[in-house]
Amino acid sequence: MTRLILIFFLFISYGNFSYSINNLILLTLINIAFFSLLRDKNLNYKDYLIFISCTFFIEILINIPLFISSVVLIIPIILFNYVLNNLSMHKIFNCLIIYILSIITLSLLNTQIITNFLLSDYLLSSLILIFTYAGYTNYGKK
Amino acid sequence: MINNKKVFILYIVCFFLFVTFFIFPNLSNNTRLYSFYLKEKIQEPFFYINLNITNSFHIFKEKKDLLKENEELLKRNEFLKNINNYLRLLTTKYNDQYKVFHNTDIPIPKSIGVKVIGDRNLTFNKSFIINKGSKNGIEVSNYVIDGNEIIGRVKTVYSQSADVVTVKSLDYGEEVIINGRSYIVTGTNNDYLSFLRKKNSAQEYSFSKDQIAIVKNNSLNLILGKINFKDNQPIIYTKYNFDLDNLRVVLND
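Just so you know, the sequences run in chain order Z and L. For the first sequence, the working numbering assigns the number 4 to the initial residue and increments by one for each residue that follows. For the second sequence, the working numbering assigns the number 5 to the initial residue and increments by one for each residue that follows.
Here chain L stands alone, though its shape is the one from the complex (with noise of 0.2 Å):
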């Protein structure tokens, strides 16, 4: 079983080491404490690297977040900036009283609203005529919006009326600004509007769905619609019916 020496020998010296602890506990006591203390330093360098590395990972998490926290900010403050441009539309109906008080315009694009009159149905043509026209301060290519939406622009002025031609139209066409980049754009007589190409021309365009493309006029951004894709061509999807009860003409300065 046991025909090793240095065995015997071993537990001899073990015999005697376990006897001389258990008569002095106090020698135990203190190879104990030695241990621990040595245990301890050993650990040090294990806890500094593991100190490291959880700071690392915890910088890189923050870092993730943070990027996170940010888009999300910039999402909102888009958002916000949206309902910015549609109060300040909404503003401009109280021009009148503003004069009464400050003896000057509102520091805003004014904006007038105005009736439809005739085809309401844009069955033939997609452009209606409204129930004011040059008398009331309207011009030749203003925006006719509802909210901050485009519905068209004035394509004809009269005294008391004026024509106004849609953006579903296919002689409505516009510079849109989508991404911070501009396009042309024009009507296609259906839902949508095309992006103009010129010929032979490679260009790529980098949209993605439900991107949003507005249009600057003055300090207002009014939005035309929404991208989409039809054949794997990028359009500009509008409203399909216009709501036409509450349109308002912005009016240039």
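The following block holds chain Z by itself, in its conformation from the complex (with noise of 0.2 Å):
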């Protein structure tokens, strides 16, 4: 619920901020659609929901085909969650993976971020790694 809620925050106010302020909240819906595929072994019907709404605002809101992460992105994603939960290792490695890789992708979908990169406009995606290990903390891998 919480995700969700925050979903629909970071959708309704992209655009109204700064172009630095504008990447961060897309960092976060990446994040967020990762941490929900990446967060367990078994995947839960919610959090494929919960993917599928964050992706599927990604793609509204950076116009790329609808639904394609959602069906094309998952199966690598996927295989990706059956090395990174059998491996055991401890929570803050799997939450700089899912920050990692959300900073690749995103990079990958806006390349002016690495001619542009400003470390002072992106400090504060840092805090999104600390909300990544306070989720995985309370609802990560059981």
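Rather than coming from a laboratory, the hints here were simulated on the basis of the structure. Being a predicted model, the structure only gives us computed values, none of them experimental.
Straight-line C-alpha distance at most 25 Å; calculated DSS-like pairs for lysine-lysine: (1) L:K159 x L:K97; (2) Z:K44 x L:K10; (3) L:K9 x Z:K49; (4) L:K243 x L:K220; (5) L:K114 x L:K97; (6) L:K213 x L:K243; (7) L:K85 x L:K114; (8) L:K230 x L:K220; (9) L:K159 x L:K139; (10) L:K43 x Z:K49; (11) L:K79 x L:K230; (12) Z:K44 x L:K9; (13) L:K230 x L:K159; (14) Z:K49 x L:K10.
Make the complex out of the two chains shown on their own, each in a separate frame, by following the hints.
Now the structure itself:
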């Protein structure tokens, strides 16, 4: 429910702030999507619904074919989920992997980020890492 | 890995939706447009709240700026009033010329220039003698000024000279106005004047340093000195050395 509310607010707030904040909003949405799929070994339908809604909003916002992530991108992510959750690493490493994956995805979606990168603008994104860890500790793999 | 029927059904639904949107791009565009329309509608109350908050903040900031500006203007006004006083005093020099052209006296207090004769160093009794007296219109209690600062008051008048007691003298007493309230002060034979206090009086002074003590003389405001503190007691500091070269006596109308 928390994620759904957050997704809703992120969706309506996108476009009303500066360039870097908009990118941070996208990064948060991507992070939520990855977290929903990678947080547990067994994929729950609720998590999949959250992933669908998250990717749907991202697709609407950045104008890519609708439902492509829910159908195509999900397969490698599920395979990666299998690898990640069978390695029994510490939660912090899982969070870091999700965070890095989100950043890579965002950079692939918007390559201008790499050329116009300013650390001070994206320092706030470290908050995402903290929240992902909090999410992992409360709702992570059983 | 996936042992959930619901997930699989959801995947199939998504798959068909994806295929439909992919084959019919118009449908995809409509969905996108409708989503943005909804997004805009949902944003409206947030925009309204944001606008109100921004407006309130702007009004608050503007009010603060205006208050600051007002304070500065008041200070500037006070400064200009002082300059005006000073210029009016200077204008009294031209009384004779004014009389030639208008056949009347200048409509502000008259003053005459005087020279100090006798003890200029104010060594013993903090008073001096000036070279003009009753023949020139000087009367007892006339103010002796330098610019618009009070140097002293005429104590005794002779026909050709007058005795002036300076503000530093123990014999000097005055009613001054500070912040619109009047107080009685007296000289101390030092460089400052002290406030007179009634016996057993619990009167508290609420002064701040460098406030100007003025004396009202007809329409002129003359400066006596500035507020300072000595042993936590308020005093009025006067100049350490008086310039006795350009003295004038303000005459009564």
